[in-house]
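One-letter residues, chain by chain:
Protein chains: 2
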Amino acid sequence: MANVGESDKYLLNRHKESHFTAGEIVRDVIIGVSDGLTVPFALAAGLSGANASSSIILTAGIAEVAAGAISMGLGGYLAAKSEADHYTRELQREQEEIDTIPDTEAAEVAEILAEYGVEPHEYAPVVNALRKNPKAWLDFMMKFELGLEKPDPKRALQSAFTIAVAYILGGLVPLFPYMIIPVAQKAVVASVIVTILALLIFGYAKGYFTGSKPVWSALQTALIGAIASAAAFGMAKAVQG
Amino acid sequence: MANVGESDKYLLNRHKESHFTAGEIVRDVIIGVSDGLTVPFALAAGLSGANASSSIILTAGIAEVAAGAISMGLGGYLAAKSEADHYTRELQREQEEIDTIPDTEAAEVAEILAEYGVEPHEYAPVVNALRKNPKAWLDFMMKFELGLEKPDPKRALQSAFTIAVAYILGGLVPLFPYMIIPVAQKAVVASVIVTILALLIFGYAKGYFTGSKPVWSALQTALIGAIASAAAFGMAKAVQG
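Residue numbers (the numbering used here), protein chains in the order written: chain X, 162 to 402; chain V, 162 to 402.
In isolation and in its complexed conformation, chain X is listed as follows (with noise of 0.2 Å):
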């Protein structure tokens, strides 16, 4: 019962593993509109908080999406081009250790196996397959000793792509009441109501998608927004005197 035979093959395709895992992108527009949504939104709170005309509010607003979305989209592209280059260099450094201490790297591959209670006589054939295949034994210490997974290359650049577009598009949201009602005391409100109403529905998709409570996510989200433009809101007022 324990090899890929037909039965086996039967169970497998019938069993779908349906294990839920957030695609890199659906992250990256989570990480952007997020911040998106919940900074430029509380600013613009803050400023109007401090008696800011709309005019100025709209400047600081635009002036934080612009900063923003490149500061977390060369951010996000720097953390993916780190991560390749990472991988890469464990690659190599796994690869040399194969070469030259075999022997220490098959202990390596037992001590894993043994870590789940298997028996040296149980694992020896494992390893001794995986010495015999050296590439796949550098796939398997890769993922198993290391646990890092082959980085897409072209991750880097769409992820930069992503998280500066969500958060130009989050950041736009609350912004938006600013820039057709001149008198900031109005347009803050608007701003709040549009603002609170647009992190509602991206907190419930966001939950949908990464698999927890959808209301609980969407009331988290909201909340959150609430609390930054509070905490701008008095700081700005703070400051002002």
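Just so you know, the hints here were simulated from the structure itself, not pulled from any lab data. This one's a predicted model, so the numbers in the text were calculated from it and none came from an experiment. There's no promise every hint is true.
Quick list of in silico lysine-lysine cross-link-like pairs, DSS-like style, CA-CA up to 25 Å [claimed, not checked]:
(1) K315/V / K374/X
(2) K347/X / K315/X
(3) K311/V / K242/V
(4) K304/V / K311/X
(5) K242/V / K374/X
(6) K296/V / K311/X
(7) K293/X / K311/X
(8) K293/V / K311/V
(9) K347/V / K242/V
(10) K315/V / K304/V
(11) K304/V / K304/X
(12) K296/X / K304/V
(13) K242/V / K293/V
(14) K293/V / K304/V
(15) K293/V / K315/V
(16) K315/X / K304/X
(17) K304/X / K293/X
(18) K242/X / K374/V
(19) K311/X / K311/V
(20) K242/X / K304/X
(21) K311/V / K304/X
(22) K311/X / K242/X
(23) K296/V / K304/X
(24) K347/X / K242/X
(25) K293/X / K315/X
(26) K374/V / K315/X
(27) K315/X / K296/X
(28) K398/V / K347/V
(29) K315/V / K296/V
(30) K398/V / K374/X
Listed below are several chain V residues computed to face chain X (Cβ distance under 10 Å; list not exhaustive) [stated by the list, open to error]:
(31) V200
(32) G236
(33) A285
(34) W298
(35) D313
(36) P314
(37) I362
(38) T371
Where a beta carbon is used, it is the ideal one built from N, C-alpha and C, also for glycine.
Add chain V to chain X, keeping to what the hints say.
Okay, now just chain V, sitting in the frame of chain X:
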């Protein structure tokens, strides 16, 4: 040579695994500081480009730091929290599968090892060993099938706090000149100098801690700050007309 006998233990101890893996706290500090140094800096530079006074720039900057710290901190909290929830859900699910469809799960173990060119007669003993030890089998599936590590329960709060504090500390650097220099056009020059220096130092440290070239990392980090503030400056000027 494939069991953890004395010789292997010796080899394992002598060969200290020094593969680099960025600590989670280091990663949180990097996330917080890099955005904290960049966004408030760019926002302040942008507003000074729109001829705002040091007082309004400081108000906007402080409001942004408060909003950003809360948004990123609580964001980090929820991210770590939902990661932990995700792990718990998958653990229960995997446990159920082991209880209800053990043959299918055993076939999955077989499939995982077969991917590395291990033959059925070689991995059969391992699969059977895991079947005899359901607890270890569960851990094996979590790590080898789903690639999930047991998250630290204290992680979520710690992450929130670390990111928020790092963001505030980073954000105060570019704002400091505006606190002591009332004329924005003079303060912005001091802010640019101080912040570019801070970005270079931070970027160097980041490179050092994440195992990439420090000097290269320092230049990249400073460049992001420069690009972000240039964009914010341009957008602010454009909005003001």
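The hints, checked one at a time:
A C-alpha spacing of about 22 Å is found between K315/V and K374/X, which places the hinted pair at or below 25 Å, so the restraint holds. Between the alpha carbons of K347/X and K315/X the distance comes to roughly 45 Å, so the proposed pair goes past 25 Å and is violated. Distance restraint check for K311/V and K242/V: the Cα-Cα separation of roughly 12 Å lies within the 25 Å cut-off, and the hinted pair is therefore satisfied. Only pairs whose Cα atoms come within 25 Å are accepted, and K304/V paired with K311/X is accepted, the gap being roughly 16 Å.
This hinted pair checks out: K242/V and K374/X have alpha carbons roughly 13 Å apart, not beyond 25 Å. Distance restraint check for K296/V and K311/X: the Cα-Cα separation of roughly 29 Å exceeds the 25 Å cut-off, and the hinted pair is therefore not satisfied. The hinted pair formed by K293/X and K311/X meets the criterion: a straight-line CA distance of about 22 Å does not exceed 25 Å. For the hint pairing K293/V with K311/V, the CA-to-CA distance comes to about 22 Å; that is within 25 Å, so the pair holds.
This hinted pair does not check out: K347/V and K242/V have alpha carbons roughly 44 Å apart, beyond 25 Å. A threshold of 25 Å between alpha carbons decides the hint, and for K315/V with K304/V the separation of about 21 Å falls inside it, so the pair holds. Taking the CA atoms of K304/V and K304/X, the gap is near 10 Å; set against the 25 Å cutoff, the hint holds. Restraint check for K296/X and K304/V: satisfied, since their Cα atoms lie roughly 21 Å apart, inside the 25 Å limit.
Between K242/V and K293/V, the direct Cα distance comes to roughly 33 Å. Violation of the 25 Å bound is thereby established for this hinted pair. A hinted pair counts as satisfied when its Cα atoms are at most 25 Å apart, and K293/V with K304/V qualifies at roughly 18 Å. Straight-line distance between C-alpha atoms of K293/V and K315/V comes to about 33 Å, which puts the hinted pair past the 25 Å bound. As the CA atoms of K315/X and K304/X are separated by approximately 21 Å, the hinted pair is consistent with the 25 Å bound.
As the CA atoms of K304/X and K293/X are separated by approximately 18 Å, the hinted pair is consistent with the 25 Å bound. Between K242/X and K374/V the CA atoms are separated by roughly 13 Å; this keeps the pair inside 25 Å, and the hint holds. The hinted pair formed by K311/X and K311/V meets the criterion: a straight-line CA distance of about 21 Å does not exceed 25 Å. Restraint check for K242/X and K304/X: satisfied, since their Cα atoms lie roughly 19 Å apart, inside the 25 Å limit.
As the CA atoms of K311/V and K304/X are separated by approximately 16 Å, the hinted pair is consistent with the 25 Å bound. Restraint check: the Cα-Cα separation between K311/X and K242/X comes to about 12 Å, which is no more than 25 Å; the hinted pair holds. Of the supplied pair hints, the one linking K296/V and K304/X holds, its CA atoms being roughly 21 Å apart against a limit of 25 Å. A threshold of 25 Å between alpha carbons decides the hint, and for K347/X with K242/X the separation of about 44 Å lies outside it, so the pair is violated.
Among the hinted pairs, K293/X with K315/X is inconsistent with the structure: their alpha-carbon atoms are about 33 Å apart, more than 25 Å. For the proposed pair K374/V and K315/X, the alpha carbon gap of about 22 Å is at most 25 Å, so the pair holds. Using a Cα cut-off of 25 Å, the hinted pair K315/X and K296/X holds, with the two alpha carbons roughly 24 Å apart. A hinted pair counts as satisfied when its Cα atoms are at most 25 Å apart, and K398/V with K347/V qualifies at roughly 18 Å.
With a C-alpha separation of about 24 Å, the suggested pairing of K315/V with K296/V holds against the 25 Å cut-off. Restraint check for K398/V and K374/X: not satisfied, since their Cα atoms lie roughly 43 Å apart, outside the 25 Å limit. With a cut of 10 Å, the hint placing V200/V at the interface with chain X holds, because the nearest CB-to-CB distance is about 5 Å. Because the beta carbon of G236/V sits about 6 Å from the nearest beta carbon in chain X, less than 10 Å, this interface hint is met.
Restraint check, A285/V versus chain X: the minimum CB separation of about 4 Å is within 10 Å; hint holds. The restraint placing W298/V at the interface with chain X holds, with a minimum CB-CB distance near 8 Å, inside the 10 Å limit. Below 10 Å, beta-carbon pairs count as interface contacts, and D313/V has none with chain X, the closest being about 16 Å; its hint is therefore violated. The interface hint given for P314/V is violated, since its Cβ lies 17 Å from the closest Cβ of chain X, which is over the 10 Å cut-off.
Against a cut-off of 10 Å between C-beta atoms, the interface hint on I362/V is violated, since the closest Cβ of chain X lies about 17 Å away. Residue-level restraint check for T371/V holds (minimum Cβ-Cβ distance to chain X is 6 Å; threshold 10 Å).
Comparing the model with each numbered hint stated earlier shows that hints 2, 6, 9, 13, 15, 24, 25, 30, 35, 36, 37 do not hold.
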